[in-house]
Amino acid sequence: MNKEHNKAKKFGMVIDLDKCTGCGSCMVACMAENNVPFKADETNKLDSITWMRVYKLTNGKSFPDADFCYLPRPCMHCEGEHGHSPCVSVCPATATDYSHETGIVSQIYTRCFGCRYCMAACPYHARYFNWWDPVWPEGMEKSLNPNVSVRMRGIVEKCSFCYHRYQLAKEKAYYEDRREIEEQEYQTACTQACPAGAITFGDLNNPEHAVHELKKNPNAFRLLERLGTNPKVYYISSREWVRLAGDNYLRQEGKSEKN
Amino acid sequence: MDSALIPEGVKRCSPAKFLIFLGVVGAVLLWGVFAMLLCWIKGLNQTNMNDYYGFALWIWADLAVIALGGGAFFTGFLRYIIGKDELKNIINYAVLIGFICYSSALLILAIDIGQPLRGWFIFWHANVHSMLTEVAFCLSCYFGVLTIEYLPLILENRQLDRVPFFHNLSHNMHEIMAVFAATGAFLSFFHQGSLGGVSGVLFGRPFGYREGVFIWPWTFFLFTWSAAACGPCFTILITKITEKVTQKKLVKDNVIELLAKISGWMLATYIIAKILDTWYWASVTAPSKGFWLLDFYSNNPFYGPWILVLEVIICGVLPALILITESGRKSKTALLLAVILAVIGVSLNRWVMVLQVMAVPVMPFDSWYMYFPSWQEIATTVLPVAYGVILIGLSHRYLPIFPQEKELNPID
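Residue numbers (the numbering used here), protein chains in the order written: chain D, 73 to 331; chain L, 39 to 450.
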């Protein structure tokens, strides 16, 4: 057996913030793909579910130095130290799991009993609680994605890196008597929906995947690296203030003050 | 009407007065039950919790009542293991208060989870790495211990005691109570500690995160310590309130003063440890994550440095100083002030370690969010208080909770 075949995958993302226009296509695609429930009024972002959420960052300066940046934030699928991600380690019912095979942090909806400890543990606010039962506009239930289970009231959900697509790609490869899937066979909905091509997705461990090189970009950074969460989502920006906005710095550490 | 049930040699208020008391508190209880049903039937959208405040008033209430109920395990430990015999005169009440606190905590947890019918998953699919798993196991087991400790008291009711089986069962249970007290102390050490670990292990939340020993963050030990220090203060406070309401002395001063003295030294040593922990966290742990101490206490409308001063100095150092001095313990006003401050202090500590952990923004481009509970959350938090008052009322009326009551209040 080829040793390379057994190498663990580590799926991750590299998001070029200089390309992101903040159009929100990734958010829409994510919601449609993953049957994310919504309310009639989604203005309160504190209780609405957005697996992929685009934040607007500003440098806090006045014209003509004012600048802004959009930052899409999926689940970071933190590896922590040896898979000890912030949320996985705290779940009392093993309802969320870190896969050492793919690097994906999964959420087992049928096992979650809604204690919300994982939400308290996640510094990225990437986890969402179903405060209500999902209600789809009449007829819409017919257009739900059959590959993704809908969730019920009282449990936590989050971005899965469209894991069902990975399963489908693996099934196809197995059917075609292949052991490995190609890079393009498994892509997340947000990646494919981004009109600017700002999101790149793939196996961070695989030198043949674009993300493997992109993450080495000198302008690449990850959110809140200092916490030791070891996320698998990388960002790239040529702007220093954006890179500095990705973490907390004491005043004497950063070139500029904390945002 | 119910005189046959009232212990011999003690005086109780009239049944009418007692029924009015039960009616008033019962109305509050029903309000809480209504809110509880709303939460169970309609879901947690009845609360003001949100995705930033997944943990809120209820988790604070849980942590606070368990800390305050710590008087049961620590008084039991002092009475049965260390051998402080005088404490036999307050241990019954400490057990009753502990029973109320722990049953309340379990009830609140049952309301707090999004899928109450799946509550048993915490035992069935237990993740041994989670502090909440440890909390669930130890808390449930200790509640069992408290039930066993409370049972002989119920069996000592005048009518039940006439049944030979109950009389002998109660007597024999008292004989082996040291075993249960030791078990209770052991379990309490772990669940009080693991409640401290709940926020202490959150390495993604620099406000709550603490380093520690092996798998236990410093908050693990601080929570156990503070519960042992402040739990007995709560027992003293409730005893004093009961004495005020019943208008009679129920426990002799030397018993209260002994418990207060031990509490005082526990509180004094705890607060030294707490100050050291805060200093290390503020100067080493938080800066390593990119935060200065004042980052946690500024740019928001509520959480300022005052909360730290209130918790550590006013509700920590001050009551400790009062309780470790003899004159402080002997002064009724100073003693009462000290136990009230200690109770506020430990409750505030639990608030900070739950609510402020949620409030502090971690991503640099995120903001502080404030939270105020909905009436349903408040009502369900008041519910266990009403239940506790009723259980105390019933226990005091029909059970010989205070061994010194007859001697202190002779009936002519």
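If you're looking for bench data, these hints aren't it; they were derived computationally from the structure. The structure displayed is predicted, hence computed values, not measured ones. It cannot be assumed that every hint is accurate.
To give a feel for the contact side, a few chain D residues facing chain L, derived at Cβ under 8 angstroms [said to hold, decoys possible]: (1) G186; (2) M191; (3) A192; (4) Y196; (5) F201; (6) P206; (7) V207; (8) W208; (9) M212; (10) E285; (11) P290; (12) F293; (13) T301; (14) W313; (15) L322; (16) Q324.
Glycine included, C-beta positions come from ideal geometry on N, C-alpha and C.
Hint check results:
1. G186: Check passed: Cβ of D/G186 comes within 2 angstroms of chain L, closer than 8 angstroms.
2. M191: This interface hint holds because 4 angstroms falls under the 8 angstroms limit.
3. A192: Given a least distance of 5 angstroms, the restraint on D/A192 holds.
4. Y196: 7 angstroms, holds
5. F201: Nearest chain L Cβ about 6 angstroms off; hint holds.
6. P206: 12 angstroms, violated
7. V207: Check failed: Cβ of D/V207 comes no nearer than 12 angstroms to chain L, outside 8 angstroms.
8. W208: Given a least distance of 17 angstroms, the restraint on D/W208 is violated.
9. M212: 21 angstroms, violated
10. E285: 27 angstroms, violated
11. P290: It is violated, given that the least Cβ distance between D/P290 and chain L is near 21 angstroms, above 8 angstroms.
12. F293: 12 angstroms, violated
13. T301: 6 angstroms, holds
14. W313: 11 angstroms, violated
15. L322: 6 angstroms, holds
16. Q324: 10 angstroms, violated
Comparing the model with each numbered hint stated earlier shows that hints 6, 7, 8, 9, 10, 11, 12, 14 and 16 do not hold.
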